[in-house]
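Engineer: In my numbering, the protein residues as written are 281 to 677.
Calculated from the structure, these hints are not laboratory results. Values in this document were obtained by computation on a predicted structure and should not be read as measured data. A few of these clues could be false.
To be verified - Pair ranges (Cβ atoms, derived): (1) G533 - T322: 44 to 54 Å; (2) P476 - A437: 47 to 57 Å; (3) V545 - T320: 45 to 55 Å; (4) A645 - V453: 18 to 28 Å.
Ideal Cβ placement from N, Cα and C applies to all residues, glycine included.
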Amino acid sequence: MFRSRWSILAVIVVAQTGSISLLYGVPFLIPLMRGTEGITLTQAGTIAAAPLLGVLAMLIIWGALADRFGERLIMTVGTLGTGVCGVGAALIDGPVALGLALVAAGGFGSSINVTSGRAILAAFDVTQRGLAMGIRQSAQPLGLSLAAVILPPLGLAWGYREALLVPAAICLVMGLVVAVVVPSHPRGERSQVRAPSPYRDMRLWRVHMASALLVWPQFIGAVFALTYLVTEQGWDPVSAGALLAVVQLLGAGGRIGAGVWSDRVDSRMRPMRIIAAAGTVSMVVWALGDVFAPAVALFGLVAVTIIAACPNGLSFTATAELAGPAWAGRAMGVQNTGQNSMAMAVAPAFAALVTAIGWPLALTAAAVFPLAAVGLTPVRGERSGRAARALPERALT
């Protein structure tokens, strides 16, 4: 009763939403950080990127452990560990200690990214996999939406550190739920253990590279949208957070819609390339609006934040399908590592660009990255037909 494929998916989404709200919710506290402790924008961006260091250190390791031991154990340990580190980040003093606690939280939280995708691959066949992975990937904008709604007012009421106690509590509760509901599919068959590396196929590398480039518009929207609204357009943090919460919800719907789209057209890469092109245009609109019309800039900001959220599920589904069941955990670890490596660079790099040349030129320069992803997305090499992309029926069971 507790382990239907939809109940598994629901638990995964809630657990990952809580983790995302903690790991990637810090940017919504940047105005308070700067106001109470005099932290510069570049310093605040570095603290906001701290969880990514832990994510990068552990993603491939968690993927290999998930392939070997299954999803339940790894996801339970990771979700509980994220909550414990979140409590530590809220209670300890000093920016360095805060950064270290967030690094540790990122290390534990990265396990959820890898294992949740693997669990969904086992639960859903190829005809619904795009939809299911899109719903799972909606956890990121849902987590950001949750953070945008709760963290600014909690930060004003309690202090920006103490606000992190709420997402940490969600992680602690969901860690226990994961242990009960999520099944485990360890790699047991000898044929799977000795499966050849999927990285002989350049398409998999191109999916990784295009996905990493698409992190630029996504992370700029996630990290700097609230700061832009507050500093450049005069919004107060709570109102800006409320707007971005709605925008993130629309982004979550976009991820689900992209998954359904890919199932219907029997392609992950064609929709992904179109979305990359739309993201490029949106970045340019934001930049031009900042020069000529604040309303146009607001439209571009909203468009970037929604559109940039859409392709993640497509790239993760394509990665798992190209890798096959024996390598799915490790391949998704590599995929996440590439994306988070880029994300870790985006926050301080874009903050430095804005400081040096201003918002319009910084946004225009950043538009080069999704434009490059348009060319890298391997549409021409994508095999057609559901059977070509389907994982073996009992490979993960």
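Engineer: Checking each numbered hint in turn, tell me which of them this model violates, lowest number first.
Structural biologist: Hints 1 and 4 not satisfied by this model.
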